[in-house]
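Participant: Listed here are the chains, written in short residue letters.
2 protein chains.
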Amino acid sequence: MSSTTASTTGGRLHGIGVGPGDPELMTLKAVRLLRDCPVVAYFCRRGGRGQARAIAEAHIPADATELPLVYPVTTELPHGEAAYRERIETFFDESAEAVAAHLAAGHDVAVLNEGDPFYYGSFMHLQLRLQGRHPVSVTPGVTSTMAAAAPLPRPLVMRDDILHVVPGTLPTADLRRALAGGDALAIMKVGTNLPRIAELLDEQGLTPRAWYVEAASGEGERVLPLSEVERSPAPYFTQILIPGTGERR
Amino acid sequence: MSSTTASTTGGRLHGIGVGPGDPELMTLKAVRLLRDCPVVAYFCRRGGRGQARAIAEAHIPADATELPLVYPVTTELPHGEAAYRERIETFFDESAEAVAAHLAAGHDVAVLNEGDPFYYGSFMHLQLRLQGRHPVSVTPGVTSTMAAAAPLPRPLVMRDDILHVVPGTLPTADLRRALAGGDALAIMKVGTNLPRIAELLDEQGLTPRAWYVEAASGEGERVLPLSEVERSPAPYFTQILIPGTGERR
Numbered sequence: 103m104s105s106t107t108a109s110t111t112g113g114r115l116h117g118i119g120v121g122p123g124d125p126e127l128m129t130l131k132a133v134r135l136l137r138d139c140p141v142v143a144y145f146c147r148r149g150g151r152g153q154a155r156a157i158a159e160a161h162i163p164a165d166a167t168e169l170p171l172v173y174p175v176t177t178e179l180p181h182g183e184a185a186y187r188e189r190i191e192t193f194f195d196e197s198a199e200a201v202a203a204h205l206a207a208g209h210d211v212a213v214l215n216e217g218d219p220f221y222y223g224s225f226m227h228l229q230l231r232l233q234g235r236h237p238v239s240v241t242p243g244v245t246s247t248m249a250a251a252a253p254l255p256r257p258l259v260m261r262d263d264i265l266h267v268v269p270g271t272l273p274t275a276d277l278r279r280a281l282a283g284g285d286a287l288a289i290m291k292v293g294t295n296l297p298r299i300a301e302l303l304d305e306q307g308l309t310p311r312a313w314y315v316e317a318a319s320g321e322g323e324r325v326l327p328l329s330e331v332e333r334s335p336a337p338y339f340t341q342i343l344i345p346g347t348g349e350r351r
Numbered sequence: 103m104s105s106t107t108a109s110t111t112g113g114r115l116h117g118i119g120v121g122p123g124d125p126e127l128m129t130l131k132a133v134r135l136l137r138d139c140p141v142v143a144y145f146c147r148r149g150g151r152g153q154a155r156a157i158a159e160a161h162i163p164a165d166a167t168e169l170p171l172v173y174p175v176t177t178e179l180p181h182g183e184a185a186y187r188e189r190i191e192t193f194f195d196e197s198a199e200a201v202a203a204h205l206a207a208g209h210d211v212a213v214l215n216e217g218d219p220f221y222y223g224s225f226m227h228l229q230l231r232l233q234g235r236h237p238v239s240v241t242p243g244v245t246s247t248m249a250a251a252a253p254l255p256r257p258l259v260m261r262d263d264i265l266h267v268v269p270g271t272l273p274t275a276d277l278r279r280a281l282a283g284g285d286a287l288a289i290m291k292v293g294t295n296l297p298r299i300a301e302l303l304d305e306q307g308l309t310p311r312a313w314y315v316e317a318a319s320g321e322g323e324r325v326l327p328l329s330e331v332e333r334s335p336a337p338y339f340t341q342i343l344i345p346g347t348g349e350r351r
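Chains E and D supply the protein sequences, listed in that same order. According to the working numbering, the stretch in the first sequence is residues 103 to 351, in order. According to the working numbering, the stretch in the second sequence is residues 103 to 351, in order.
Since the hints were made in silico from the structure, they are not lab data. Hints are supplied without guarantee of correctness; some may be wrong.
[Claimed, not checked] A few chain D residues facing chain E, derived, Cβ under 10 Å:
(1) Gly182
(2) Ser239
(3) Thr245
(4) Leu254
(5) Arg256
(6) Ile264
(7) Val267
(8) Gly283
As the structure is a prediction and not an experimental result, all values here were calculated from the model. Note that beta-carbon positions come from the ideal geometry of N, C-alpha and C, so glycine has one too.
Next comes chain E alone, as it looks inside the complex:
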């Protein structure tokens, strides 16, 4: 199954999950597709080639055409504002057209995506613009959440556990609601929100069960009980996990 329909033409757009950071957590399928795609695209910031490319580097053929999609500098615009959103959407439109030019020429394009493309990934912005025009396939990858859970002494979810996956960037009222009612929690994109999140976990009595995981599976991985962590801003991709209790209902 794929989003391909009979009316699509040209090369195939591959959204490829390259996993959470450790290059060994790439799948065999991701490695094969990279070997076979003549064009390799990836989102990155100005001055770098991005984390997804760093993970996949060993598997990008020397003769592949690389297509860096460089985020616009938006530091002067608050993220909540319409002007920021418009600029980012325009950037995704332009990126989709840059990719489409290769697809229209009949070349398959591999788009690298940290973790999994459909788990808060960047690839989807291309897929949502290009599906229907070109054939599209998504190759799932190991998520940062499962990589963050792996070193813990308890499973993230077992038996009848309900898991809530929650972006740590949510407004406080939404965050408070989202943290309640799950047996297990995975809080993403903790970053500068760490003090605010920790306070909400205190409020719900969850702090003693919470783990802090920075750079899951990558260089500089740090795994600590949240209670032992200073309540100051953390790197953007830091996660806070609360494993479920595994109680049967």
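With chain E held as given, fit chain D onto it using these hints.
Facilitator: Chain D only, in chain E's frame:
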């Protein structure tokens, strides 16, 4: 990081996620560890060698010692009953001791786990019994949920989406509560509960957004809008997914 402490001895216990079904969705790390571990254990039912072993088969060395951990036949006992639970817990105790005998002899043991070991996996029953005695590591894998999401026309979660992962085996009142409040839903272990789950989704107006995914990434994968599926019992590992809307808050 791992659950290893200085007081553990003997071989290392590896919980290895082999991914959701497609053998190509195994990670490079899983393949390497299988090549290097002299003992390969897996849970299975009587008369078969189990799905995890089928996925990993090509990577199990011919000279590896295989240790099948065969579930007791419990069809005569209702799953909710104390007698069933006791029998299963005894089975896990015995399985842990069978694995521990190899670890005590100084051999590393790879335990195969469909999907990811810490995402409703079976490995955890061994880890919870053996950590502290022997060194333990978990290798994360692609989950069945991300494999089920990959063929859909929309990402499972994007931007500020909150995801609820919900076992479809929950009692109806718990299930109803768990289905509410998430932007995106992944309902696991749908099986015979399909009619009951579909009714709850109808109740909450979610059916038009729901997808039915059987055998994600494996042979016989079926992906359909839930509205086009007959409301009768489905295979156990069938999932129902509702992608998030990606609205910003």
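Participant: Next step is simple, just say for each hint if it's right about the structure.
Facilitator: A quick look at each hint next to the structure:
1. The beta carbon of D:Gly182 is positioned within 10 Å of a beta carbon in chain E (closest approach about 8 Å), and the interface hint is therefore held.
2. Annotation: D:Ser239 was flagged as interfacial toward chain E, and the flag holds, the nearest CB pair being 8 Å apart, inside 10 Å.
3. A least Cβ separation of about 6 Å between D:Thr245 and chain E falls short of the 10 Å threshold, and the interface hint therefore holds.
4. With a least beta-carbon distance of about 7 Å to chain E, the hint placing D:Leu254 at the interface is held under the 10 Å criterion.
5. Against a cut-off of 10 Å between C-beta atoms, the interface hint on D:Arg256 holds, since the closest Cβ of chain E lies about 7 Å away.
6. Here the hint on D:Ile264 is kept, as its CB sits about 5 Å from the closest CB of chain E, short of 10 Å.
7. Satisfaction of the interface hint for D:Val267 is found here, the shortest Cβ-Cβ separation to chain E being roughly 4 Å, below the 10 Å cut-off.
8. For D:Gly283, the interface hint holds, the least distance from its beta-carbon to any beta-carbon of chain E being 7 Å, beneath 10 Å.
In summary, the structure agrees with every hint in the numbered list given earlier.
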